[in-house]
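If you want the building blocks of each chain, they are given just below.
2 protein chains.
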Amino acid sequence: MELLERKIREEGRVLSASVLKVDAFINHQIDPVLMDSIGREFADRFSGEGITKILTLESSGIAPAQMTGLHLQVPVIFARKRRSLTLNDQLYTSEVYSFTKEQSNEIAVSHDFINADDHVLILDDFLANGQAALGLLHIVEQAGASLEGIGILIEKAFQEGGEGLRNRGIRVESLARIASLENGRVQFVEKVGAQ
Amino acid sequence: MELLERKIREEGRVLSASVLKVDAFINHQIDPVLMDSIGREFADRFSGEGITKILTLESSGIAPAQMTGLHLQVPVIFARKRRSLTLNDQLYTSEVYSFTKEQSNEIAVSHDFINADDHVLILDDFLANGQAALGLLHIVEQAGASLEGIGILIEKAFQEGGEGLRNRGIRVESLARIASLENGRVQFVEKVGAQ
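So the protein lines, in turn, are chains A and B. Just so you know, the first sequence maps onto residues -16 to 178 in this note's numbering. Just so you know, the second sequence maps onto residues -16 to 178 in this note's numbering.
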């Protein structure tokens, strides 16, 4: 997606060969107009799949999921990272290890909001090693729902997450695919071949 | 706001005389069409204030803030609850005690995204004792920015937060104001007088 790639080039900051900081428009400050375009793009890509629910993870997935849900006209669920006092019902839970934060989080979704009739689109901001996507997938499986695909804003294609998911036959749509962050420079995957 | 009040009546669950659960459409599952209407409503109410930034708190404030930002065409910042490894710049910080979760969180906003020229609209899902709003206000003050108002989805008008903020001369716009949750029933504040 040209618009997102341009934004990454202009406002992203490469902190190391594995860390790209996008705090200026995705995960601390949000560009709401960009998020609207992103939501429209995901809605276009998954419009034929009969999606009934969008599942994301707090917090950075919420804005793009909200916009995708608005364009597809379906509810959005965000998995919670900790149990709160008002989230004490029957829960699907999964463990997600964050390499960035070096900690493991239990994520949880109430039984009330996903069931076996649902066709779920998982959305997240980053795909690197795939831990968050696998945690969300595990929740979809527990609900007996159908996974229709995974939408990602930024895939670090030099890490193994995307390949692992695609090898399982899952449709993964990443709006920007980064081949390398070496030498402080963002290099995108060439778009010649299909992803 | 009629639409939000109806949603609260139909899908909210009163857990006690002080706890209203809105997990079905605000803070676990999100109704994206409702959020669009909420964003439009806040944009209308604050359209004359020259807002340059919207400030909210992860996670439940993000969806309504995204929509308000989209309608006002201004960036949204969500304060982070913990320091993450990629959020290690110069930070404005504040301490917020959550009575619901019975814990204190440090919230943080990077210096990069709010400055003395900004006119800030604070948004949050609930206003009860006012702790979160005061924490966000403290961040606006540290930045030397101007606070133009506070937008709230659901105000528990039987708690002291809203009165405290209004007594400080702050414009607080709450889309639904709850007078009581006694006897398992949601009673809204009568709309005869101005709020």
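None of these hints come from the bench; they were simulated from the model. Keep in mind that the hints are not guaranteed to be accurate.
Copies of one chain are not kept apart here, so a pair can be met inside one copy or by any two copies together.
To be verified - In silico lysine-lysine, DSBU-like type, Cα no more than 30 Å apart, as pairs:
| id | residue 1 | residue 2 |
| --- | --- | --- |
| 1 | K4 | K64 |
| 2 | K174 | K64 |
| 3 | K4 | K174 |
Exercise. Could you tell me which of the hints above the structure violates, numbers in ascending order?
Key: 2
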